[in-house]
Amino acid sequence: MIPEVAFIGRSNIGKSSLINGLVNRNGLVKTSSKPGHTRMMNFFKMGDKLSLVDMPGYGFKSRDEWGGMILSYLQNRKNLRRIYILVDPSHGLKESDTQIMKLLDNSGLSYQVVLTKMDRLSKTKYSAAKAEIEAELVKDAICCFPLVLGVSSKTKDGLDELRAAIVKAGQLTL
Numbered sequence: 133m134i135p136e137v138a139f140i141g142r143s144n145i146g147k148s149s150l151i152n153g154l155v156n157r158n159g160l161v162k163t164s165s166k167p168g169h170t171r172m173m174n175f176f177k178m179g180d181k182l183s184l185v186d187m188p189g190y191g192f193k194s195r196d197e198w199g200g201m202i203l204s205y206l207q208n209r210k211n212l213r214r215i216y217i218l219v220d221p222s223h224g225l226k227e228s229d230t231q232i233m234k235l236l237d238n239s240g241l242s243y244q245v246v247l248t249k250m251d252r253l254s255k256t257k258y259s260a261a262k263a264e265i266e267a268e269l270v271k272d273a274i275c276c277f278p279l280v281l282g283v284s285s286k287t288k289d290g291l292d293e294l295r296a297a298i299v300k301a302g303q304l305t306l
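Heads up, my numbering is the position in the sequence shown plus 132, with the first residue counted as 1.
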């Protein structure tokens, strides 16, 4: 059974761009500036070692895509090793993010927060936003992996750290 890691987040948070950056291949996953472009789960097999799962966005205008099939996948998939919740640090945690975290906590599912688009903030503003999000996670998140990662698909910052986290979560050997 090939381990899987899933990427979830609000619509237009950069899930598809992040996967393209992780595999160093523009165009593997179709991206769009229009929210709600990803309408189904997309699986990208990385050889015979790992699958990356691009999930539809959740939140405004995306409730239809977040039906029973996606929730069932998250709660019942035996080879799902970690769920990465993507959050825009300039917007912070939204109600839809905390609702998903509560659902994952109640299901006992391991997840980790990844801050996307970090290049859009100054280092000072990014650090402050990250600290605020970490403080929220410490209060409420039960199954959250404690290390919050930051990435930029545009500048490629943080991708190596995220790759290392994925290797560890997937219990992969290189």
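Treat the hints as calculated values from the structure; they're not laboratory data. The C-beta atom is built at its ideal place from N, Cα and C for all residues, glycine as well. Misleading hints may appear alongside valid ones.
[To be verified] No more than 27 angstroms apart at the CA atoms, straight line, and that leaves these computed lysine-lysine pairs for BS3-like: (1) K262 x K226; (2) K177 x K300; (3) K300 x K234.
[Said to hold, decoys possible] Restraint-style ranges between C-beta atoms, simulated for each label pair: (4) D180 x E268: 34 to 44 angstroms; (5) S254 x T305: 35 to 45 angstroms; (6) R209 x K300: 15 to 25 angstroms; (7) Q303 x F175: 15 to 25 angstroms.
Taking the hints in turn, this is what the structure says about them:
| no. | hint | verdict |
| --- | --- | --- |
| 1 | K262 x K226 | holds (14 angstroms) |
| 2 | K177 x K300 | holds (17 angstroms) |
| 3 | K300 x K234 | holds (24 angstroms) |
| 4 | D180 x E268: 34 to 44 angstroms | holds (38 angstroms) |
| 5 | S254 x T305: 35 to 45 angstroms | holds (39 angstroms) |
| 6 | R209 x K300: 15 to 25 angstroms | holds (19 angstroms) |
| 7 | Q303 x F175: 15 to 25 angstroms | holds (19 angstroms) |
The structure fails none of the hints (numbered hints given earlier).
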